Amino acid sequence: MQIQETFTVDAPPTAVWKFFEDIERVARCVPGVQSVDVLGPDRYKVLATQKVGFISATFEMATQVESKDPLKSLALSSVGKSVKGAIGNLRSKDRVDFEATPEGGTRVTLTSEVAVGGMLGALGHKAIVSKSKEITEKFAQALQAEIRAGEAGR
Amino acid sequence: MDKLPWLGASVKRKEDDRLLRGSGRFLDDVEETLTLHVAIGRCPYPHARIRSIDVTRALGHSGVEAVLTGQQVVARTEAITALRPFAGSAPTAFYGMAQEVARYEGEPVVAVAAVDRYVAEDALELIDIDYEPLPHVVTVEDALRPGAPQLHATVPSNVVVESTVRAGEPDRRLADATVTVEGTFRINRVSGAPIETRGVIARWAEDSSTLELWASTQTPHLLRAQLAHCLRMDETDVRVIAPDVGGAFGLKIGVYPEDIIAALLAIDTRRPVKWIEDRTEFFRGAAHAREAVHTLTLAADRDGTLRALRDRYLIDLGAYHGPLGPPLLTNVMLAGPYRLHDADIHRRVVLTNKVPMGAYRGYGQAESNYVREVLVDRLARRLGQDPADFRRRNLLRPDELPFKNVSGVTYDSGDYARGLDLALSRVGYETFRARQKESGQQGRHVGVGMSCYVEFTGYPSSAFLGRGGARFGAYESVTVRMDRAGRAAISTGVSTFGQGTETTFAQIAASLLGLDPADVAIHRGDSKGTPYSVGGFASRTMIAGAGAIEKAAGQIRDKMLRIGGTILGVDPAALETTTGVVRRRDDPSVQVSIQRVSEAAFLGYPLPPGEDPGLEATAYFDPPSSAFGYGTVVVQVEVNARSGEFALQRYILVHDCGTQVNPMIVEGQVQGAVAQGIAAALFEELVYDRDTGQLVNGTMVDYFMPTAADLPVFELDHLETPSPVTPFGIKGVGEGGTIAAAAAITNAVCDALAPFGVELDRLPVTAESIWRALAAARAKG
Amino acid sequence: MTVALLVNGRPYERSVESRRLLVDFLRHELQLHGTHVGCEQGVCGACTVLLDGEPVKSCLMLAPQAHGHSITTVEGLAGRGELHPVQQAFRDAHALQCGYCTPGFLLGAVALADRGVALEGAALREELAGNLCRCTGYQNIVEAVERYLRQAAAGRRDG
Amino acid sequence: MKPAPLEYLTALTVEEALAALARFDGNVRLLAGGQSLVPLLSMRLLRPMAVVDINRIPGLDRIVAADGVVRVGALARYSALEASPVIRERVPLLAKAIPFVGDRQIRNRGTLGGALCHADPAGEMALCAVTLGARLRIVGHSGLRELDAEAFFQGPYTTALEPNEMLETVEFPDGAGTEAVVVEHARRHGDFAVVSVAATGLRAPDGSWRWMRIGLGAVADRARYARRASEGLAGTRLQPADVTAAAARCLEEAGPTSDVRASAEYRRHLVPILVERALEDLARRR
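One line per chain: the protein sequences are A, B, C and D, in this order. The opening position of the first sequence corresponds to residue 0 in numbering that gives the first Met the number 0, with each subsequent residue numbered one higher. The opening position of the second sequence corresponds to residue 0 in numbering that gives the first Met the number 0, with each subsequent residue numbered one higher. The opening position of the third sequence corresponds to residue 0 in numbering that gives the first Met the number 0, with each subsequent residue numbered one higher. The opening position of the fourth sequence corresponds to residue 0 in numbering that gives the first Met the number 0, with each subsequent residue numbered one higher.
Everything labelled a hint here was simulated from the structure, so no lab data went into it. Treat the numbers as computed from the prediction; the structure is a model and nothing was measured. C-beta atoms are modelled at their ideal positions from N, C-alpha and C, and glycine is treated no differently. Hints are all accurate, no fakes.
Stretches of chain B that chain C covers, calculated by requiring three or more beta carbons in the stretch to come under 8 Å of a beta carbon on chain C:
1) 20-33
2) 192-200
3) 655-667
4) 673-683
5) 689-701
6) 710-717
Excised from the complex, chain A in its bound form (with noise of 0.2 Å):
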C-alpha cells in the first residue's frame, strides 16, 4: 500500500538537500529506529522496532539508496527480516520529492510503499493497513523537526 506525507520546511531546497544528504540523519527519523550503520557508500544496515497493537517485531534492514537527483529527489530501497518478535519481512520504497516554495521555503513530499511480509503480513494485515499511515506521518514530522532544528543551529 503506498502512503504519501507532504511538509514544507521554510529553509531552502539546497539546505534540505544537505540534510537529506546525510542519510544517517535521515534513517534516525525513522519512528522506533534504534541504530544505524554504515556499510558502504549509499549502503545502510537499519535496526528499528515497530509495535502493531499488540504485535511488536524488531527488523534488521538492509537501506539502499536508489537514485539522488540533487535538489529534486531521492529515492531509497529497503529489505529486511525481523530478528526479534514476530517473525516476518519487510520491503520498502520511500521516496522523497523536494519543490522551491515560492516564499523561499521547500516543500517534501515523502512517498512511501511498504510491504509486510511472512506471518506479520498475513495476519497483521488489518493492523498494519493504519498503523502504515501512522508511520509516514511520524517519519515526516520527525524529518521536520530535524531539519528546522538543523536549519536553527545554522
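For this one, chain A is given, so just place chains B, C and D on it according to the hints.
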C-alpha cells in the same frame, strides 16, 4: 448373469466403525520411536534470489539432527515430473527445494529435522537467509506483458504451452450468425482444502535398503513411481503406504517437494522422519486450483440455434508445473451438452509467482461450465428467449448419442433434456416466471437460474492417455484372494479418502462371489502387496475398479464352481454361487459351503483333474472408453437490489451417473461436491496482492470455507441411464456436483436483477460483487 | 510442569512442556489419536473435545490449562463395546465420509444432548458451525444429529 | 506452527496475577479464554516470555445486578453470558450480540474481558461496550481505576491498559425494559463483521423513544459510538425521516478501510443500510 445381489444396495460403510470410534489411522496417528520431526523454512517473497543460507546456529541447537538446503536437494535429486503434462509444455525444473531462485511465496528453501516439531521450528528461526527480492507477477496479464520478469529461462514470455483446437468452420459461422455475444470471465483461485492437511513419514529400512514412505495420498503407486525417479532410485526399492486420508479432492495426487525432503532426511539420519503440514504451509504449498481468464464468444441464429463457439483463455499455472499439472478438461468439455459442430478453442498456460496449480474435483469442468452456461443465458436473453427454451432447442437428444463433441470426445448415453425438465418442474418454473413479475416491487428480487452439464468421468483408455503423454494408465487393478474361512480379501492400490471404495468394491466382489460384503476384507493403499494401480481421482475409480473386480472375482467364482462340481459330483455349468454356498441352480438343496470349497482349494484336495490349488486372481481392467454423466442445476435466489445481499433459497440438482453401486454413498458424494461447488462460487478465493505479490488470506480465518450455517438444504434427484460402455453401466459421480454451481447461481442472480440489465463475470459472487455490478449496469444506463 | 487430569474417566499425570498445545498433548503424550488437528488456528473444530462436559477447541488451549479438569475425547464414547447412540446415528445417516472431522462433530452433539436441547434445522446448523466438514456438505450430519437429539430427549422423557 | 518457548504461571488471586505481570518487564500476557491469544502464540506473532493463567482466580466471572448497573467479571465466558437471565433482561444488547461471536466452542472458553483487551476493531463485545457506554474497572499496583469504554479503546488491538494492569470488571448500565438489536454483514457465519450496527433504546409510554444509542463496528480503527446520530433520535418515534437522518449521521462517523473481506466503499455503502435495518427493527417492536 442375473442381477448382482449387492449392486444398488445402500450397504452401511465398512469404513465407518473405525472412523466413528476415533481409531482410524491417519498419517499423524502413525508414530514410531526415534522419529525426527521436520520444519520447513519457506521463501516469504513471491520471487527472490537466495544469496546465502547460514545454518550453523541451527545445527548447533540442541535437539536438531540434520539440516537440508536447496543446494543439496538439487544436487541429489531430479526435478519433479508431471503426471499429465500438456503436449509441448516447456519444462519448469521444480525441485524439492529452491536453490538459487525461489519463485513463489511458500517454496521450500531449507528444512530442519529435530526431536519434535516445536524444537524444529525454534531451530528454523536461527537460520539466516539473505534474500534479494526480484520483480514478480501475480496476474496472467502482468505475466504476458512485454518486458515482464521471466520466471524460467526455459519458458519464453512465461507461456508454458499454447494450443488450439478447431472443429468445423468457426470463423465463417461466427461471421454469418445473426447474434453473437461475448464475455470475459475471471475464475477465482481456490483450494480443495481438505480438513487433513498433507503429511509424510519417510523411513530408510536398513535391512532391505529400501525407502518406506507413509503419505496422505490418493495415488500411492503414482507417488511411488515419481518419488523413485526424483531420488534416482529404482521403484523396486521404494514402498508407499497411504493410511486413512482425511479428504483429498484432487490435491493429494503425485509427489510434492516435501516428500522428497523427508526422504532425503530419512536416508541421511537413518531415522524415521515425519513432516506434518500446518495450515499456513498448506495455503502456500498444497496445489491451488481453477484460476483462469476466459474470453468466450457464442453465436446463434435468429431462431436460437447455437452455431459456434470461440474461447480464448489463459490458465494461471503458478510458478511451476506441479506433480499433476493444469486442468485439461476445460478444453475437452467446453461445448457441454449442446449440439455444436464449429468451435475454436485457444488456450495458453501462463506462469505467475504463485503456488503451482493442480487438480480440484472436476479438473477444468467447473471452469468451462461457468463461462459457457453464463454466456448461454446472455445469448438467450439477447434473443428474447427463455433460457430453458433456448437450452431445450440445443441440448443433444438421446437418439443423437453417442455424439463426438468439437473437442473429439464421444458422449456415450443420456437424456439431457429430461434432466433439465425434471429440475425445472421441481422449482415450479412455469408458475415461477408468472409470480416473478409481481414480487419485484419492494426492492426484493427473486430469480431462477439454471446450468446444464455433461461430465467426463473416468479415462477412455490407457492408449488415449499414453498418446497424450500421460505418465499413468486408465486401468485399475485388484487382487482377490479367498481364505480357508471362505471369506475374500481384495488388495487395491486405491487409498481411502472418504469416497467409500472399501464398501463399493466389497459389494461388487460379494455379488460375484456369492458372499456378504461383510465377508470381503479390503487391504488398500500399500504399494507393497497390491498390483500396479493408478489411484483415486477423476471419478474413475468405480468404473475401472469394478471392471478389475469383475474379472478377478469372476475367475475365482468359475474355479469355485469347478471345485464345487468335483465335491458334489455335478457339472459345474449347472451350479451357481450365492449366499455363501455353491449349489445346483435347479435344485438348491444340492449345495456345498464356499468355506468347504475354499478349504479344498487350500488342501489341494479334492480338486478337478489338472486344477491348481489356491483361490486367488489378479486382474487389470482398461476401460474401452470414458462414461459421461450429466445433469442440471436449478437455483432460486432472492436479491436485495440496494445492498447486493442475497439468499440462496433453493438448490436443485438432477443428475445421472448411470448404475449406482451404493445409492447412499452416491448421494453423499453429490452432496459433498455440491457444497464445494457453492463454496467456490460464493465464499472462497485465494487473494494475492498485486503490488507486494503476497498471499493476503493464507489462513483458515480469512479463507472463507462455508460452515453448516452457510449452506442450504440441497434438493437432489437422479436418473439412472446405464452406460453402454462401462462395467455394470457405471458412470463416475465424485466430481459432478461441483460443475454447475457457479453458473446456476450467477444466472439466478442475473435473472433476479434482469430489470437492471446486470451482468456478473467474475467469481466468487458476493454481496459486494453484485452491488458493483448493479452500479456498473446503472452507469451503462 | 506436571499436568494431572481425567481423560475419559481415567486419571493421567504427565510432565509436559508449558508451551505444548492441549491437542498435541492428548494425541502424542496420551496416544489418544482420535482427536485431530485441522488448522491450529481455532477455525475447523476437528480438535474439539469436551472439557468438563463442554465442547472446546483443544488447539486453542495449552496443555497445562487442563490440569485438574476432566476431558472427554471420541475414544471415551464407545470404548471397545457397542457404538454410542450418536455414533450409530452418524453411521445410519451416512454422516461421515473421510472421518477426519467426525470426532469433533460427535462430541459437539453429545454436549448438546447433555444440555437437553433438541435443536433442528437452522438453529442446529448454527450450533454446529464451529466444526467444518469438506466431504459431506453437512446435510447428513445435521440429519444424524437431529435424530440423535430426538432419541436422547425421548430417552430422558421415558427414563 | 507451534508456540515459541514460554513460562506458564498460574495466578490464584488478582495480586498474584499483577505480581507476575510486573516480573517480565511487560513481555508477558494474561491467559483467560485464550481464543485469540493461543493462535497468536502458535503462529509466533506473539512471543511473550510467560503467560499467566488467571482462570483459577475465584469470583472474576460473576454477573451481578446491583444499584442500577450490571457488573460482569472479566472472566465471564460468552456461553455464561448467553445463558444468563440477568443479561437477557438487563443487558439485552449483549444478549443479542453474543451469538455473532465465533462458535459454540469459542463461546464456551472465550471471555468478555479477553475480547475487550484484544480490541479487534470488528469485535462485537467492544461494540456493545462502546454503544452502552460501559465502564471498565482496571486493577493495577497503584489500585483501581475506571475508564469509559470509549476511552479504553485507542486503536486496532490497542487499549489504555498498561502492561502491568488487568481488566477486572465491566459495568453496564441496567437496561431493564430497553429494546436492543444487532445487525451484521459478514462473509461467513461467525466471521469477523464486514460492518456491524448495534442499537438500543428506551421507549416512553407514549411510544416515542426517550433515548437511543447506536454503535458501529468494523468501520473505523475501533468500535464507534455514533453520538450525533444517537442524540438526534431522542424523543422521536423513529419515523422514516428520523431513521434516514440518523443513518446519514452514522455514515459521517464511519471511516472504514479495505481488506480481504470487503472494500472501504462497500462498507460505507452498507453503513446506512444496516443502521436503517436496525432502527426499523426497533420501531416495529411493541
